[in-house]
Amino acid sequence: MMAMSNKMPEQEPGEIEALLPWHAAGTLNAREARRVEEALARDPELARQYAVIREEYAETIALNESLGAPSSRAMQNLFAAIDAEPARKDTSTSVGLSARLTGFFGSLSPRTLMAGTAIGCLAIMLQAGVIGTVMMQREDGGFRPSAKEAAPSPAAPRADAARMAPAPPAPSAPSPMTRSLSSSPAASEPAAAAPAVAAAELATRLLIRFVPTARVSDITALLGAYQGTIVGNDKDGVFQIQFGRGVMTGDQLAGLIGRLENEKIVSMAVPAR
Amino acid sequence: MSATQATSDETLIRRIAQGDRLAMQVLYGRHHVRVFRFGLRLVRNEQIAEDLISEVFLDVWRQAGKFEGRSAVSTWLLAITRFKALSALRKRKDAELDDETAHAIADTSDDPEVVIQKKDKGDTLRRCLTSLSPEHREVVDLVYYHEKSVEDVAEIVGIPENTVKTRLFYARKKLADLLKAAGVERGWP
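Residue numbers (my numbering), protein chains in the order written: chain U, 1 to 273; chain P, 1 to 189.
Next comes chain P alone, as it looks inside the complex (with noise of 0.2 Å):
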């Protein structure tokens, strides 16, 4: 996100805080759809995910008088989507499925000769993507798609710098390993 943007941003929240209904439709427009693809990796429900940003745009709607700038507005949209997210999960029965989700694409992610016959690594790459655990899928789309830097990531998932590197680290040797699996060899580790 340019300087330019986060500024305009800044301004968006500062009038939202004043009650500015249109300044929340900009934000909105400008925000929700990675607000919406953020949330619907972590929940993994379309519905829920649309029930996500409602809230999360709503809590801005709030809150923007408190927020004092620290951070980029989109780094706040994502810590609170992430938070939101979260609570969505504990409430529902199923989260732990996740893992099971995984284990199951690696078990039966066909055997290697379906995978060449494919041939398609790219699908295959963006399937062990979807495998990854929650706390991988996240920091893996928010270094790579929301592009945002080791602070940032840690400032949204509230862990240390040095954690942040090491879960994307660890992220993409699970991925390495899925991939394995899955029949594609890539050279790494």
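Just chain U, with the same shape it has in the complex (with noise of 0.2 Å):
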């Protein structure tokens, strides 16, 4: 056991024996602590010499505490030194996040500050018709086509088309009016969707003209379906209908034209004007 001690070359000091003055002084890690414990119950000697340095530590510390301490002129001198150095943003007071803000707003100019609110009024009112937009579209269950889900409309319009949304004429009728229904070959048919894109807004009264065949239940059946009223009797056969009350957009009375020509007994659907 005495290679612990003995092992390195004479004026070189083993790897344990180096680390007894901070085995002595406590600031060793756990596993070198353990180590060197390990090390002094196996070797008289590195336990002798670590009684030796023992001595040496509390003597260092004893020395050290001898030597008092600096008188005031120190502290004078270096908060003197401090107040003359180039002033600096002092932020020990305890800044929130309120009196940022009032700092931050109140650096700005007055025309600053009123063409920022006027930015955020504007963004709160198109965020609220967003918003508007998208509740009133769910309420239409579904009648409008979801491709103008980002085009918001006038309110009227579309509270009408909400109430003109028909309940499935069953059984004659065509699947129930989905979204799904505005994308069918018959909206998109050039016939009836290019006047009715052309204006913004349309009347809603159609010239409808019914297949021979078609029997008085069956005309007085499609009109309760599609809230529709006969208005006019033109020439030919052909009947001015007003459906629901108000007026529609261009795609809500393109979407009513293709569903109606799309009915077994409607062999024409074009707006009254």
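Hint data in this document are derived by calculation from the structure and do not stem from the laboratory. Any given hint could be a false lead.
[To be verified] Derived Cβ-Cβ restraints for the label pairs, each shown as a range:
no., chain 1, residue 1, chain 2, residue 2, range
1, P, 161, U, 87, 39 to 45 Å
2, U, 66, P, 158, 24 to 30 Å
3, U, 76, P, 123, 30 to 36 Å
4, P, 45, U, 55, 40 to 46 Å
5, U, 69, P, 177, 31 to 37 Å
6, U, 31, P, 166, 18 to 24 Å
7, P, 47, U, 47, 39 to 45 Å
8, P, 135, U, 33, 23 to 29 Å
Don't be surprised by glycine CBs; every beta carbon is placed ideally from N, CA and C.
Please dock the two separately framed chains into a single complex, following the hints provided.
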């Protein structure tokens, strides 16, 4: 066990031997401290040296503690020098978020502040419009074509359209009107869609011609399903029919025409004007 | 130094970096005595040591924003102190007296009979500690009094860790020689 302190050349400390001062000061990590403890338990010479080191340790502390403390002059000089330093932003006092915001807005010019306020209000109004549109479309139960969800339109036509949304006429009626209906081939038919797209808002009167085999009961059922009212009778068996009480957007009108043209008893459906 | 204390020191440094004068006072109160004693052991002049701590903490005030926290604040302070002390020593014409002083004490450290008469082994040990060369003194102080690890001492002094270990070993051997010359035999080496 003597090798622990003597295995190195005479002038060089052994690995454990070199760590003894730190072990005395308690600054070794747990693993190293355990190694040193084990070596001390095995090696009496190392233990003797460790006892000497503990004396040195104690006397070094005593020596340093006997040195006293600096006078207040050192502190005075220090803070005089600090005061002479260029001013720095002192954030020692706790600055809250509200105070910082107040400071920020306070630093803005009135014109900048007004412009910022106007932009903020506009943003809020736009946001409200988008939210309102989305909510209305949900209430519409899918009557409006999905492609137009992002294009808000006046509220009144939308309300009318909602009222006009017919229940699926059974059993001869086509499938329930859903968003997919708007993308049907009939809806995109140029003859119906082109004039509808051309006008932003059209009257909800259509010229409808029924097939010759259409019975009165079929016509009555269709008018009931679409909330239609015959308001006029043109030549050649063409009827002018009012759908709902308001006006529709072009897309709504095109969708309506497309659905009507899919009806078996309808041979023609065009805008009244 | 406890981990809590180290964390608090780092917080103080952050506040000092923002110009917080009160944080500076707290940090000064916490460390100025040890900084003073470390500096005094190096420069051996109270007046210079006091000037030294003013300069050290003024550096802290100026450089706090650059402190990266890779070592303890106390380690940083001691490293600054050492640098300032060596600069002060270089300015002194009599810096080389350290070694002469050591020899003088070894040579005139009274004769062993006198020391024995004093019956104060501790006093002799302290006087011999004072007689060590500056580079031996600083490593002894850093390890025993300032409780710095091998890594910390290496950082403060600017030498490899293995050199730190061997330097302290040789400092202890020198101390043993001085004690032996003073008539104190301790059984090592």
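Here's how the hints hold up against the structure:
In this structure, residue 161 (chain P) and residue 87 (chain U) meet the distance hint of 39 to 45 Å, their C-beta atoms being roughly 42 Å apart. For residue 66 (chain U) and residue 158 (chain P), the Cβ-Cβ distance of about 28 Å falls inside the hinted range of 24 to 30 Å, so the restraint holds. The supplied range of 30 to 36 Å is met by residue 76 (chain U) and residue 123 (chain P), whose beta-carbon atoms lie about 35 Å from each other. For residue 45 (chain P) and residue 55 (chain U), the Cβ-Cβ distance of about 28 Å falls outside the hinted range of 40 to 46 Å, so the restraint is violated.
Remark: the range hint 31 to 37 Å for residue 69 (chain U) to residue 177 (chain P) is upheld by a beta-carbon distance near 32 Å. Taking the beta carbon of each, residue 31 (chain U) and residue 166 (chain P) are about 21 Å apart, inside 18 to 24 Å as hinted. Between residue 47 (chain P) and residue 47 (chain U) the C-beta distance comes to about 44 Å, which sits within the given range of 39 to 45 Å. Range check, residue 135 (chain P) to residue 33 (chain U): about 27 Å between beta-carbon atoms, so the 23 to 29 Å window is met.
The structure shown violates just one earlier hint, number 4.
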